[in-house]
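Chains as they are written, first to last, in the working numbering: chain A, 1276 to 1477; chain B, 1276 to 1477.
Everything labelled a hint here was simulated from the structure, so no lab data went into it. These numbers come from a predicted model, not from an experiment. Please note that a few of the clues may not be correct.
All copies of an identical chain are treated as equivalent in the list; a pair is satisfied when it fits inside any one copy or across any two copies.
[To be verified] As a list, the in silico DSSO-like pairs of lysine-lysine whose alpha-carbon atoms are at most 27 angstroms apart:
#1 1472 - 1461
#2 1476 - 1293
#3 1333 - 1293
#4 1461 - 1315
2 protein chains.
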Amino acid sequence: MIITISREFGSGGRELGKRLADQLGLRYYDKELITEIAEKTDTNENYVNYVLEEGGYKNHVYVYARSIPYITPTPSAITDVLVAQQNVIKKIASEGNCVIVGRSASAILKGYDIFRIFVYADEQSKLERCRSRAPEDENLTDKQLLKKMKLIDKNRQSLHDLFAADEWTSRTGYNLMVNTSHAEIKAIVPPLAELIKSYYKK
Amino acid sequence: MIITISREFGSGGRELGKRLADQLGLRYYDKELITEIAEKTDTNENYVNYVLEEGGYKNHVYVYARSIPYITPTPSAITDVLVAQQNVIKKIASEGNCVIVGRSASAILKGYDIFRIFVYADEQSKLERCRSRAPEDENLTDKQLLKKMKLIDKNRQSLHDLFAADEWTSRTGYNLMVNTSHAEIKAIVPPLAELIKSYYKK
């Protein structure tokens, strides 16, 4: 059983994925993927994060090279990261029994018989979740936080769209889309795990 | 507990709604609403179906009057049906504990604290479901059947959009979007019922 979780920033997708993995006894992958991609490409986690999470893959190598002092870019650095991302995710999938959160796994594993979940929530609920988890030194106004949320989602969306035919938020790419606005994630995970299992009963 | 089911034609939303109502001990409303609206408006079920299901509400009364011989239209006939639709659905909601399938209930009950589900599937799966349930005398080609499916969904969408701010297929209007393409509805309903109950545990 392989489950991918795509998620809006602040929707609790990561918590949901972690709890789901625990509930179903599956391996869990999230930020570990960044470390592995960095190792494979002989770069570092900041750089991989920049390429995959901050929209860096959209910029030409000579443009970003000026603004990213901590790497020595080669013209193929971005391509290397994108290729490594795909290899790492496909290797994990080949080992089976896992939950992969984010990193465009749902799109990269197109054609694989896996269970795809999209986790989302309304703005108010996402703001509250971000507030409750923000570092103490983060002093963003609601407006700034919303702007940050939207930017992160936009980057997730466009990285996904690089790999997939279905748009990031399109229902057609998922088995289930779960709105966490009025849910306590801890409470919904056990029946959600049963629901996923029931898809495999025929 | 009030659950509304919006569904693509052929996705099995009706079966899912019926089984969910049985599982949770809720009243079930579907075509019964058409009968009730017809009674309230002193018209008949064919006419109500025409207005609500076949896009009739979009046409001006004097245009459709010519092609619908079995009614004596008044200029307000369509409005009457739309008003009755809203009254009937709100009355049922006021009694609580029910599952309402279709009839734009999700949109008409905006602002109500209810559980909204959207049921969908891929084209192949919907074609197979339609084939298995079609009347014996229905001899449509795949192309004709797909065209029919799309037309029905288009009518459902535009009637919904008359009442709601969120588009018919937008995740933001739902608590859960369920893809039935690779699911046996009978198998997924019991855990789905538990999942819905878990939303109410805080």
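Against the structure, the hints:
With identical chains, the CA atoms of residue 1472 and residue 1461 are at most 27 angstroms apart both within one copy (18 angstroms) and between copies (13 angstroms). Taking the shortest Cα distances, residue 1476 and residue 1293 sit within 27 angstroms of each other both inside one copy (23 angstroms) and across copies (20 angstroms). Taking the closest pair of Cα atoms, residue 1333 and residue 1293 never come within 27 angstroms of each other, the shortest separation being 30 angstroms inside a single copy and 48 angstroms across copies. For the identical chains of this complex, residue 1461 and residue 1315 are neighbours neither inside a copy (35 angstroms) nor across copies (46 angstroms), given an alpha-carbon limit of 27 angstroms.
Hint check: violations occur at hints 3 and 4; the rest are consistent with the structure.
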